[in-house]
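Following the hints, put chain U in place on chain Z, whose structure we already have.
Taken in sequence, the protein lines are chains Z and U. Counting from 1, one number per residue, gives the positions in the first sequence under the working numbering. Counting from 1001, one number per residue, gives the positions in the second sequence under the working numbering.
Any given hint could be a false lead.
Restraint-style ranges between C-beta atoms, simulated for each label pair [what the hints assert, rightly or not]:
#, chain 1, residue 1, chain 2, residue 2, range
1, U, E1216, Z, N276, 43 to 53 Å
2, Z, H166, U, D1374, 19 to 29 Å
3, Z, A28, U, G1192, 21 to 31 Å
4, Z, I153, U, L1363, 57 to 67 Å
5, Z, S71, U, D1374, 45 to 55 Å
6, U, G1192, Z, F34, 30 to 40 Å
7, U, G1189, Z, N222, 33 to 43 Å
If you are wondering where the hints come from, they were derived from the structure by calculation, not from laboratory data. All values derive from a computational prediction rather than experimental measurement. Cβ coordinates follow ideal geometry from the N, Cα and C atoms, glycine included.
Protein chains: 2
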Amino acid sequence: MEENKEDVVTPFSIESGETGVDYEKLVAKFGCEFVKPEHVQQIEELTGQKPHHLLRRGIYFAHRDLDVILSTFRNRKPFYLYTGRGPSSAALHVGHMVPFIINKWLQDAFNVPMIIQITDDEKYLYRPELSYEDVQKYAKENIRDIIACGFDINKTFIFTDSSYIHRLYPNFIKMQKHITLNQIQGCFGFNGTDNIGKWAYPPLQAVPAFSNSFPEIFGNRNIPCLIPEAIDQDPYFRMTRDVAPRIGYLKPAVLHAKFFPALQGLNTKMSASDANSAIYMDDTPEVIAKKITSYAFSGGGRSLKEHREKGANLAVDVPFQYLTFFMEDDARLEEIRVKYGSGEMLTKEIKADTIRIVTEFVLEHQRRRSLVTDEMIEAFMTPRPLLVNNL
Amino acid sequence: MEENKEDVVTPFSIESGETGVDYEKLVAKFGCEFVKPEHVQQIEELTGQKPHHLLRRGIYFAHRDLDVILSTFRNRKPFYLYTGRGPSSAALHVGHMVPFIINKWLQDAFNVPMIIQITDDEKYLYRPELSYEDVQKYAKENIRDIIACGFDINKTFIFTDSSYIHRLYPNFIKMQKHITLNQIQGCFGFNGTDNIGKWAYPPLQAVPAFSNSFPEIFGNRNIPCLIPEAIDQDPYFRMTRDVAPRIGYLKPAVLHAKFFPALQGLNTKMSASDANSAIYMDDTPEVIAKKITSYAFSGGGRSLKEHREKGANLAVDVPFQYLTFFMEDDARLEEIRVKYGSGEMLTKEIKADTIRIVTEFVLEHQRRRSLVTDEMIEAFMTPRPLLVNNL
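Chain Z extracted, bound-state conformation:
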């Protein structure tokens, strides 16, 4: 019966069967479109660069109006990127890094400005256990991690909602005026015992999708926006796209990623209350090895005999999923797919690859993070014109 139950995907929870979310059904339900090979090919032609493996491997798999953005760029008109982070904890896990990886790649490849919203207010309002001071502290640590991803200081503005609210506020109340309580309920499913700030927050996530929210950066120009994020954020931008034309603004385009799985499997949730459900960007190599060895859900056979005969079920194998997200070497990944899928390669072998790739990724991040100073944070958070060729 499991597979007949409908997946539930909201910005607040994801429920699915053990093979994870059915993305065909989700795309149909949300009403967005699949990224096609032609899109990836166009990105290569337009940027002159081999598309990032998160694009080539279909991890960024769905979109709205990506064609509009690509033809804007083809016509030598500017666009900008916008993504965000809710500072609910001091340390990010590897899954949190995915949108920043693709955004940095897109920023470099297209040479466009990048806007990063840190929703300190959201996390304070949505998490009963967090104080205002907690989220301020987490916001700063999260920004340090984001800068460590390598964003270009000349092309990137990072802000917390509370630090930039004076600029966001006019568009925030414009959005709020054009969305009823019933519409918020339809999109987000809150109830009467939820606090009123939680109800009122969603329109704020729309605001950075409008270029005139950033007068110091874009002046009064009306510049199209592309939002690469995980698909659970789609309700925010369905709402945004619904209201935008009614207030005279451009609809933002979106580019959606599949979900990054928890160690325990594609139907489980990474949870801050269970440190073993995810690998954190401040984990040590020993902890990483231990977590992957002990907790990463395997799609391998239950016995050596069964494994050699049937091979691994790659669709539910967490180490294989992690490699798909993080291993850059296409040839090695293909070799693993064939050999592990056929049973020639064993679970402990793919786990060794996974430990190596994830450890390298985390240690390199830690090294770059240690170089991020408070002055750099301040510089990224200073509103200023962003120097971009085609703007």
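Frame of chain Z; chain U shown alone:
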């Protein structure tokens, strides 16, 4: 049957019988307390000044924790005043002036800081017909009127929500986190087709009641607040007083006025869509005379004979009400009360007094308003320490 219907008083509408709101019932229903002669006497003792006629005549008639404020002052500890204005139109009417008159008097008498909130966001969110630009324009014109009331530049800070939101925001979301949708509905009676910004706004009216919302003015000090306003604003401050202790803040005290009546009578509403329902601060002497002569509801007898026999019904007589609010001369007001109440004085005579008093008030305001420069507006709106002896 009329008198058995319960009055409906909310920040958005007032419905009552023809003798106006039953304030005994309203005070009981809201759970606030009556201002007693002892309070007025204490104000005289503490300030060394004869209390303003709006206090002496019982127009400011109800309160919460006024005793706390008076004993704070008696103990030589500071408090501050807070009131507000929703900029829904360019011109104020005479009724809008009442809170500013009492606040200016209290500021001078107690020598305390005054905070004035201009709720541009509220009016934009609550009035479908108003654009964001409309409310910005009205806000500036309303501030000009408020400054013309004579507030002391050394003791007064005026802000619009959108211009000062960066400081208000932390306490705004703290308030929002501690109020559920159901509680907003219980206090304000909105429904699902109302926009989400309207639902979320009320906690912002609480924020200026907390001194730490104004770091440039009060530093980190925890200073008690007194809010003199019309009693229809009570729901905002019941809500504020309910939440304040839960977030570690002092409950603000309130001082409530009775309603200023429309020209057409105590059970009618002053309405921007009917220019003849109120006297505006930019009306000419001719218009003022015309409005009072033609439209001010009279409690006089229907015939001269009836009037001479029974006298005027002062409780419903609009000119008498206006004089109670605006005539400073106690002896003349008492003479009118006796002579008009007994039928010795005629409606046209009291209307002549009313025209004279209101015209003097409006012309003097227009004179002072013409002296308010843009530089003065900017000065009042600049956050800065307020120079007050006992702070």
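Each hint, compared with the structure:
no.	hint	verdict
1	E1216(U) to N276(Z): 43 to 53 Å	holds, 47 Å
2	H166(Z) to D1374(U): 19 to 29 Å	holds, 21 Å
3	A28(Z) to G1192(U): 21 to 31 Å	holds, 28 Å
4	I153(Z) to L1363(U): 57 to 67 Å	holds, 60 Å
5	S71(Z) to D1374(U): 45 to 55 Å	holds, 46 Å
6	G1192(U) to F34(Z): 30 to 40 Å	holds, 35 Å
7	G1189(U) to N222(Z): 33 to 43 Å	holds, 39 Å
In summary, the structure agrees with every hint in the numbered list given earlier.
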